[in-house]
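J.: Chain by chain, the residues:
There are 2 protein chains.
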Amino acid sequence: VSEHLCPPLQSVVQVNFFCDYEESKGNYLVDVDGNRMLDVYTQIASIPIGYNHPALTKVMTDPKNMGTFVNRPALGMMPPEQFSEKLVNGLMAVAPKGFSRVQTMACGSCSNENAYKAIFIWYRSGVLSFFFQVPGCPDLTLLSFMGGFHGRTLGCLATTHTKAIQKLDVPSFDWPIAPFPQLRYPLDQFERENAREEARCLEEAEDLIVKWNQKGRHVAGVVIEPIQAEGGDNHASFDFYRKLRGITKKHGCAFLVDEVQTGGGSTGKFWAHEHWGLDDPADIVSFSKKMLTGGYYQKDSFQPDKPFRIFNTWLGDHTKNLLLTEVIKVIKTENLLDQAKRSGKVMLEGLYDLQDKYPHLLSKARGIGTFCAIDVKDEDTRNLLLLKARNKGVVLGGCGTQSIRFRPALVFTEHHAHLFLDIFNDAIAELK
Amino acid sequence: VSEHLCPPLQSVVQVNFFCDYEESKGNYLVDVDGNRMLDVYTQIASIPIGYNHPALTKVMTDPKNMGTFVNRPALGMMPPEQFSEKLVNGLMAVAPKGFSRVQTMACGSCSNENAYKAIFIWYRSGVLSFFFQVPGCPDLTLLSFMGGFHGRTLGCLATTHTKAIQKLDVPSFDWPIAPFPQLRYPLDQFERENAREEARCLEEAEDLIVKWNQKGRHVAGVVIEPIQAEGGDNHASFDFYRKLRGITKKHGCAFLVDEVQTGGGSTGKFWAHEHWGLDDPADIVSFSKKMLTGGYYQKDSFQPDKPFRIFNTWLGDHTKNLLLTEVIKVIKTENLLDQAKRSGKVMLEGLYDLQDKYPHLLSKARGIGTFCAIDVKDEDTRNLLLLKARNKGVVLGGCGTQSIRFRPALVFTEHHAHLFLDIFNDAIAELK
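Chains F and S are the protein sequences, given in the same order.
432 is the number that the working numbering gives the last residue of the first sequence; the numbers go up by one with no jumps.
432 is the number that the working numbering gives the last residue of the second sequence; the numbers go up by one with no jumps.
There could be a bad hint or two in this list.
The list makes no distinction among identical chains, and a pair is therefore deemed to hold if it is satisfied within one copy or across any two copies.
Claimed, not checked - Here are the simulated DSSO-like pairs of lysine-lysine, each with C-alpha atoms no more than 27 Å apart in a straight line:
| no. | residue 1 | residue 2 |
| --- | --- | --- |
| 1 | 167 | 377 |
| 2 | 306 | 364 |
| 3 | 167 | 299 |
| 4 | 25 | 388 |
| 5 | 306 | 341 |
| 6 | 392 | 250 |
| 7 | 211 | 357 |
| 8 | 377 | 388 |
| 9 | 269 | 341 |
| 10 | 167 | 329 |
| 11 | 25 | 58 |
| 12 | 306 | 388 |
| 13 | 392 | 364 |
| 14 | 329 | 250 |
| 15 | 25 | 250 |
| 16 | 364 | 97 |
| 17 | 163 | 345 |
| 18 | 306 | 163 |
| 19 | 86 | 392 |
| 20 | 97 | 299 |
| 21 | 377 | 306 |
| 22 | 215 | 167 |
| 23 | 215 | 341 |
| 24 | 58 | 86 |
| 25 | 97 | 243 |
| 26 | 329 | 64 |
| 27 | 329 | 357 |
| 28 | 25 | 64 |
It is worth saying that the hints were derived from the structure and are not from the lab.
So here's chain F without its partners, still in its complex pose:
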């Protein structure tokens, strides 16, 4: 892509290729040259039920919805008539257990930024109300994990620890960062040593909370992804997360689960953290991407005491709520969560086979549902493999330093999984 083709674009280097979104369909993305590719990346994990799903086209052509599409309301002040109903049938219909409220936002970063604010406001209204008699700007902190990714705006970026280039030159908050478990895969073959590594990380996280509280820079909340996605598809056991939830409870910190990339069904449950079996639900769960709208679920106690504390002009985009309501219907009627489980099984087994076949190239096949990944021996080889796969008709994305992440839509069937594995095998074979 030359500068000439795309003069006013901000950065053309990051453009992979231009797409024909009219011609794309289901699991297949079509580029401007007419190449039809199996999409196992789906716009960075953000296409829920494939391209041009008829249910979504129907929403967009329904004359009843036209007023919503052309007149974007300030949802916080002047919501449309059917706003509550759409939230009840849409976002609230898939709310994780324990949540009775949702706040919509325009994107993933805004969702986390505002979730952070809700946590600070909550913390000061409860735990710290005895300490701080004078209102103002407190020196509160959030604990995040090495390798975590929560967005790129300044607040989010203070909790994002993936690539140095993302943070370079940008002022940040001095907040505590705990180590994230570096596990051996497959998880079920290394349970004992993984448990030891997780215990070490949990201990360090708790130590950090205690130390930062002691020095007066209280840890108001802990933010974590169910699988560190951008950071390299790093997993931890469900037990790790249950114990971390216990630590947050013990020290009065909010527990924010960032499901921006993991949410929406690809793990085989609608929310990845539903796999954990928490006794006590999380406090806030943020989302975006496949949910089409950004936002977060919150417990009632995280509702600020006064209006306009969590607010902006648009507070999301009702057009996306209408589309999401249909997406959720499709997921339910077509049993797409079960589909993700079945396709994921084919995929992960295929990845295990490939790493057995190419042990010098591939390692650490891992995943839940279709939310899978595999490591390549080094970054250059990974990048070459991505390119080769694309030339053979499969769109993939990298993550971490040397991983490939697989992020198909929920309509990705066993057939597509087999197809993908065949092409991927051919691409790997060319590497030798």
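Assemble chain S onto chain F, guided by the hints.
T.: Leaving out everything else, chain S in the frame of chain F:
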């Protein structure tokens, strides 16, 4: 609005009323009870050419666009075929003089957050490259002004200084804040004393830059609105802004003009800062609201050296770019900038008359184009007046502590201005 009607909404207290966006048309907003109201607030200044404009309905029903509407692309990596063309015919067609690049974002806060990042990256690549040999997270700052509003995410919030409740409990950056001129209105009657006040503020701003630079916390940029909107429609002279631009130039700071609320034509020019007559253009101009998409224009030198430094999944929403392209066509073919000048003249003259008629209630009528405001004697009376106007069929919004801001769409004609003034007069008359 009861909790019952709207269970999953985050804060119901801030809801004014529910609207029927299908029935709303042009300058008239219709609520769910069928009340038809002249809208002089337009969803917090974010409806550019009135409700249900046929040009926009046409875009939304054009089958050619369906692929864009139902498949939201990751614009930074896989833009749609016609992306560049739409930016050239849309955003770039109205770019302020001196700008050859635009970066789209989803909302106003994200636009400023990323503009701030672009400034920090630029500053470290130039001015400070001698000082900092080691890459990392520098202690750079941005200078903002008391009464300024630039958004509510954590980075933006550090530069927002309007209402205390917006910042309460949220950790912030320690960055310099300069006084914004407190002028007497009408500006042309108090030129000499206003010039003195502006000189004082400019001197203090420059002092702050020098002092913060000296203590090693370099001021990478200065952010300011052409009219402080949320903060109370506070104006400064064009000369103030020209001189401020000179100061930023002298000290190597970037000059960021936040046109999120002022941009899009209501001042009678497409960008409010075009009134200033700058010899040297600003470095970055951010926008959102009436532009339908967020984003910012930037000089070439603010383009980061590497990809993925300014990035997120969606980077805006191409649906809004398509709508904006039509909005811009309508503004041009219907000469709506001239319309804003004419309607604004009627409006401001009418406001002068009203403050002469009710000097104990109203003061400081001010404005450029239809971007007008007036002060009411105190906050309670202001709020009562907003309510009375609404009951008589005019939707208005407050700003600052005791101001009313007028933010009609660009299709607001002299006729609507007269109508508004009549109703507003009746509402005021009831206050006595």
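J.: Work down the list of hints and note, for each, if the structure agrees.
T.: Hint by hint, here is what the structure shows:
1. In the homo-oligomer, the alpha carbons of residue 167 and residue 377 lie at most 27 Å apart inside one protomer (26 Å), although the nearest pairing across protomers, at 47 Å, exceeds that limit.
2. With identical chains, the CA atoms of residue 306 and residue 364 are never at most 27 Å apart, being 48 Å at best within one copy and 30 Å at best between copies.
3. In this homomeric assembly, residue 167 and residue 299 come within 27 Å of each other (Cα to Cα) only across copies, at 22 Å, whereas the closest approach inside a single copy is 31 Å.
4. Taking the closest pair of Cα atoms, residue 25 and residue 388 come within 27 Å of each other only inside a single copy of the chain (22 Å); across copies the shortest separation is 53 Å, beyond that limit.
5. In the homo-oligomer, the alpha carbons of residue 306 and residue 341 never lie at most 27 Å apart, since the shortest distance is 43 Å inside one protomer and 38 Å across protomers.
6. Taking the shortest alpha-carbon separations for residue 392 and residue 250, neither the intra-copy value of 52 Å nor the inter-copy value of 55 Å comes in at or below 27 Å.
7. Neither within a single protomer nor between protomers do residue 211 and residue 357 lie at most 27 Å apart by alpha-carbon distance, with minima of 48 Å and 64 Å respectively.
8. When the C-alpha separation of residue 377 and residue 388 is checked against a cutoff of 27 Å, the pair qualifies only within one copy, where the shortest distance is 16 Å, while the shortest distance between copies is 70 Å.
9. When the C-alpha separation of residue 269 and residue 341 is checked against a cutoff of 27 Å, the pair qualifies only within one copy, where the shortest distance is 9 Å, while the shortest distance between copies is 56 Å.
10. In this homomeric assembly, residue 167 and residue 329 never come within 27 Å of each other (Cα to Cα): the closest approach is 39 Å inside a single copy and 39 Å across copies.
11. Taking the shortest alpha-carbon separations for residue 25 and residue 58, both the intra-copy value of 15 Å and the inter-copy value of 24 Å come in at or below 27 Å.
12. In the homo-oligomer, the alpha carbons of residue 306 and residue 388 lie at most 27 Å apart only across protomers (24 Å), although the nearest pairing inside one protomer, at 55 Å, exceeds that limit.
13. Taking CA atoms no more than 27 Å apart as the test, residue 392 paired with residue 364 passes inside one copy only; the shortest distance there is 24 Å, against 68 Å between copies.
14. For the homomeric pair residue 329 and residue 250, neither the shortest alpha-carbon distance inside one copy (39 Å) nor that between copies (59 Å) is at most 27 Å.
15. Taking the shortest Cα distances, residue 25 and residue 250 never come within 27 Å of each other, neither inside one copy (49 Å) nor across copies (55 Å).
16. In this homomeric assembly, residue 364 and residue 97 never come within 27 Å of each other (Cα to Cα): the closest approach is 32 Å inside a single copy and 53 Å across copies.
17. Taking the closest pair of Cα atoms, residue 163 and residue 345 never come within 27 Å of each other, the shortest separation being 30 Å inside a single copy and 53 Å across copies.
18. Taking the closest pair of Cα atoms, residue 306 and residue 163 come within 27 Å of each other only across two copies (13 Å); inside a single copy the shortest separation is 38 Å, beyond that limit.
19. Proximity of residue 86 to residue 392 under the C-alpha cut-off of 27 Å is found in neither arrangement, the shortest distances being 42 Å within a copy and 31 Å between copies.
20. In this homomeric assembly, residue 97 and residue 299 come within 27 Å of each other (Cα to Cα) only inside a single copy, at 10 Å, whereas the closest approach across copies is 48 Å.
21. Within a single copy, residue 377 and residue 306 get their C-alpha atoms only as close as 53 Å, which misses the 27 Å cut-off; across copies the closest is 25 Å, which meets it.
22. Taking identical chains as interchangeable, the C-alpha atoms of residue 215 and residue 167 lie at most 27 Å apart whether they share a chain (26 Å) or sit on different chains (23 Å).
23. With identical chains, the CA atoms of residue 215 and residue 341 are never at most 27 Å apart, being 46 Å at best within one copy and 58 Å at best between copies.
24. In this homomeric assembly, residue 58 and residue 86 come within 27 Å of each other (Cα to Cα) both inside a single copy, at 16 Å, and across copies, at 25 Å.
25. When the C-alpha separation of residue 97 and residue 243 is checked against a cutoff of 27 Å, the pair qualifies only within one copy, where the shortest distance is 18 Å, while the shortest distance between copies is 57 Å.
26. In the homo-oligomer, the alpha carbons of residue 329 and residue 64 lie at most 27 Å apart both inside one protomer (19 Å) and across protomers (26 Å), since each shortest distance falls under that limit.
27. In this assembly of identical chains, the alpha carbons of residue 329 and residue 357 never lie at most 27 Å apart, being 40 Å within a copy and 59 Å across copies at closest.
28. In this homomeric assembly, residue 25 and residue 64 come within 27 Å of each other (Cα to Cα) both inside a single copy, at 25 Å, and across copies, at 15 Å.
Comparing the model with each numbered hint stated earlier shows that hints 2, 5, 6, 7, 10, 14, 15, 16, 17, 19, 23, 27 do not hold.
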